[in-house]
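Starting from the given sequences, assemble the full structure and let the hints guide the process.
Next come the chains, spelled out residue by residue.
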Amino acid sequence: MAHVPADLKYTKEHEWAKIEGGQARIGITAFAQEQLGDVVFVELPKVGARVTAAKTFGVVESVKAVSDLFAPLSGEIVEVNGELPKKPETVNTDPYGQGWMIVVKLSNPAEADGLMSAEAYQQLIAAASH
Amino acid sequence: MTASTSTAPLKRTPLFDVHVKAGAKMVPFGGWEMPVQYAGIIEEHRAVRGAVGLFDISHMGELEVRGPEALAVVQRLTTNDASVLAEGQVQYTLLCDPEGGVVDDLTLYRLGPEHFMLTVNAANTDKDWAWVTAHGAGAEWRNVGAETGLLAVQGPRAEALVGRLADRNVTGIAYYHCARGRVAGVSALISRTGYTGEDGFELYVAAGDAERLWRALMDAGQPDGIQPIGLGARDTLRLEMRYALYGNDIDQTTNPLEAGLGWVVKPAKGEFIGRAALEALRARGVARKLVGFEMVERAVPRHGYRLLKAGAEVGAVTSGSFAPSLERGIGMGYVRADLAAAGTEVDVEIRGASNRARIVRPPFHPSHTKKA
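The listed protein sequences derive, respectively, from chains A and B.
Residue numbering for the first sequence follows my numbering, beginning at 422 and increasing consecutively.
Residue numbering for the second sequence follows my numbering, beginning at 30 and increasing consecutively.
Don't read these hints as lab results, they were simulated from the structure.
Possibly wrong hints are sitting among the right ones.
[Claimed, not checked] For lysine-lysine, the following DSS-like pairs were computed, each having C-alpha atoms within a straight-line distance of at most 27 Å: (1) 54(B) to 508(A); (2) 476(A) to 433(A); (3) 298(B) to 433(A); (4) 507(A) to 526(A); (5) 433(A) to 508(A); (6) 476(A) to 507(A).
Here it is, written out as structure tokens:
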């Protein structure tokens, strides 16, 4: 079973968010990268761009498939992982660490209440695995 | 890969349980439930290029034809010249319709003076069976796909591995030739063919023997670094060779000449289905050509993306992927014939943006098949 850190929030589209004060660091889960397979391309927005909860903010491609990335939370991008486009395989090897994608300055921190807990997400992927 | 739109239950090869136990990710392909990957597409791809990989391709169809008229029937159905085949020789060829559209691409085996076998694409087996029995009267046809298991052993270590397990010399089996023998005690048709660009064999066995042979090859291949290989790496391996995939790069709306398969169309052999249409087309010249291209920018082309020149549409991508050996995006697609020369730059439209690509001479990665 894929690793699900307890201190993160999750979406049903398999993104994670780590709330750090008024900001959130965002990436995709270990389950997501397992399902995708070898990640070969990551397309991310630029610093200053705005993202909206449940709307796409980028694209991740594996050898076989193209998948949209959905923002867990709304706000302005204040940091982008510039290493990822050069080393997209980091999404596979360290999805919760070096494989992070963007940091968003939250415009509506209350949206975080609508995200899934680690426990709820664990149940979701357990169901999806069968 | 061709998406399956049918609601019919998926078929399973004799090795289905072996794949599931090995942790393969199973997907629908051509009406079959097949392993798309085990350890990961890139790792599997590199195992085949660098060591040896084992593929279950039992989903492919096998149609046999026998009788005094078998050669004449095959000649009428296929575009290549089957009369040049000696017993034990294999040929890449096509079935075409009267308009010259490609019904299927296949390998044709001459198993005896009056005995041939056609190995066809899984998704086309039913269509091909209907086609050959409708248009190939005068000889005895048998659809032996369900009783046949087919394993491919591909990679630079394939010859040594199969050689250790075989009761006969396999080094002497030349490229696109086959011979009967036992491999790990299993009676097999040992064919020096493949779809990877590496040296290797395809082993036709009784369906009931497929698992025993699979296990024997996996065990004996451990020192060689053998890995099971799914359809994902099978696709990236063939794409690096610029081998066409039916349903992506060729189909009944495409003809062999525009697909670069004119080398298997032999009108001099006499009449065959599609000959007149293809002769007329050859005289007239084709309007578009299937080309291979590599991305100049970091981007991955995909089936269906538009090809542009100066903003105008000039073709479409038929196959595309990240190429593990090249570590860049590569693809195949049809472009206007005047743009097909190697070195020509075109743009691939990806999510509304133009991404530069350059047409290249095939293959993308040097072939290591054993030359005949």
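**Report entry** Hint numbers not upheld by this structure, sorted from lowest to highest
**Finding:** The structure conflicts with hint 3 only, although it agrees with all the remaining ones.
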